[in-house]
Amino acid sequence: MATKIQIARPTKMELARLKKRLKLALRIQKIVKDRLSILVMEFIQTIKESARLRRRLHEEMALAHTSFSLTAGYHGYEPLKKELLSVETALKIRAESRNVAGVKIPMFEDAQDKAPYDEQRNPLDYSSHMEHTQTLARHCLETLVELAELQKSLDLLGIEINKVKRINNALEYVVIPSLDITIKYLNMKFEERDREEAARLKRVKLLIEQREAYAY
Amino acid sequence: MPIDPAKDETINGYLTNGLKAVNAQLPRSRKTLSQLLTEANPHVLLNDGTEHHFRKKELHSIAQLITEDEQSRLLLPIILEVQSEAGDIVIHTKTTIETKMLSIIVGMPLEVHHHILRIFRPQVTVLRSALKTTTQYVFRP
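So the protein lines, in turn, are chains A and B.
Sequential numbering of the first sequence, starting at 1, is according to this note's numbering.
Sequential numbering of the second sequence, starting at 1001, is according to this note's numbering.
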């Protein structure tokens, strides 16, 4: 609820200072609203992309699983397991950051070598089935990395939207109305003072006139 | 390092009159596309001291849309000015490179009036989905 700001002395200087603060608060509110609309736009865009990517990942996973089953059927589980263990490598991801309207968002890029297994493969145990499965699995991994980036972006954008909303509400419902009320209060105080001053002057004038009339 | 002093003055214009805090995400200086393409880790330093990284895939896709000469003149990130009164986004440009590039991306002809390229909100969504790291918002009341 908006309440009057506590001021030490109701002076014209204080009024000028409050008017300046109100102008600044209105200006900041405009920027905050712009920022909020941009963040919401980015958030919606990210949600759409995330949904699209999730669908793609499901499709790719299904394809990879089918291909893996075929390869396992062709080679047998044990030889396949042996082959997979021999080409196992650590996952390499380049993690950096980008800035969206003041929000620092992580950016993940797949930094894996495109064909790291060629030297380690045993040509006798290898087949086109295995290569196809490997390619599909790589696509899944790339999509998964992209999805991870989008999910994190969504989290961060959501947190920032909440923060900006709170700032906007504070400005709209507390700061600006409080400044407005205080400025009105000061204006009324000055008007009252002016009226008192005018009444006092009238009274003094009357007293002087009366004194002059008695003197003659 | 400043690449184009005139352009950096444009950025400095956004950082005056108490707007420094809201526009802290602006780069200290922009780099040309050809310079970014040669870097192993393409990035610019922002006013708040953090780094803004560019996606290499995005830089290469832009490079395909413009000539080599234009690549050495195009400054990145492209600054998208958010104007609250008009409700759309504005790009201040002295060259036609941005116009050429963005027309291809949004799939419709764009025009520059008095060095100002105006983009409407629905087009911004298309633009931002294609150029996530090579565009940057700036706020002006």
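It is worth saying that the hints were derived from the structure and are not from the lab.
Ideal placement from N, C-alpha and C gives every residue a C-beta, glycine not left out.
Some hints could be false.
[Unchecked claim] With a straight-line Cα cutoff of 16 Å, these simulated EDC-like cross-link-like pairs (lysine to aspartate or glutamate) come out: (1) A:Lys184 - A:Glu49; (2) A:Lys104 - B:Asp1069; (3) B:Lys1056 - A:Glu109; (4) A:Lys33 - B:Glu1051; (5) B:Lys1057 - A:Glu197; (6) B:Lys1132 - A:Glu49; (7) A:Lys30 - B:Glu1051; (8) B:Lys1057 - A:Glu14; (9) A:Lys152 - A:Asp194; (10) A:Lys23 - A:Asp180; (11) B:Lys1057 - A:Glu146; (12) B:Lys1057 - A:Asp180.
[As the list claims (entries may be wrong)] These stretches of chain A come out as covered by chain B in the derived footprint (C-beta under 8 Å, 3 or more residues): (13) 39-47; (14) 101-110.
Quick rundown of the hints versus the structure:
1. Between Lys184 (chain A) and Glu49 (chain A) the alpha-carbon distance is near 50 Å, which puts this suggested pair outside the 16 Å criterion.
2. Only pairs whose Cα atoms come within 16 Å are accepted, and Lys104 (chain A) paired with Asp1069 (chain B) is rejected, the gap being roughly 32 Å.
3. For the given pair, Lys1056 (chain B) sits about 9 Å from Glu109 (chain A) by alpha-carbon distance, which is consistent with the 16 Å threshold.
4. Of the supplied pair hints, the one linking Lys33 (chain A) and Glu1051 (chain B) is violated, its CA atoms being roughly 26 Å apart against a limit of 16 Å.
5. With a CA separation close to 75 Å, the supplied pair Lys1057 (chain B) and Glu197 (chain A) exceeds the 16 Å bound.
6. For a cut-off of 16 Å, the pair hint linking Lys1132 (chain B) to Glu49 (chain A) stands: about 12 Å separates their Cα positions.
7. A threshold of 16 Å between alpha carbons decides the hint, and for Lys30 (chain A) with Glu1051 (chain B) the separation of about 27 Å lies outside it, so the pair is violated.
8. Among the hinted pairs, Lys1057 (chain B) with Glu14 (chain A) is inconsistent with the structure: their alpha-carbon atoms are about 56 Å apart, more than 16 Å.
9. Using a Cα cut-off of 16 Å, the hinted pair Lys152 (chain A) and Asp194 (chain A) is violated, with the two alpha carbons roughly 61 Å apart.
10. For the proposed pair Lys23 (chain A) and Asp180 (chain A), the alpha carbon gap of about 11 Å is at most 16 Å, so the pair holds.
11. Of the pairs offered as hints, the one joining Lys1057 (chain B) and Glu146 (chain A) holds, with about 13 Å between alpha carbons and a cut-off of 16 Å not exceeded.
12. The hinted pair formed by Lys1057 (chain B) and Asp180 (chain A) fails the criterion: a straight-line CA distance of about 52 Å is larger than 16 Å.
13. With 3 residues carrying a beta carbon less than 8 Å from a beta carbon of chain B, the region 39-47 of chain A meets the three-residue requirement, and the given coverage holds.
14. Closer than 8 Å: that is the beta-carbon criterion, and the region 101-110 of chain A has 5 residues meeting it against chain B, so the requirement of 3 holds.
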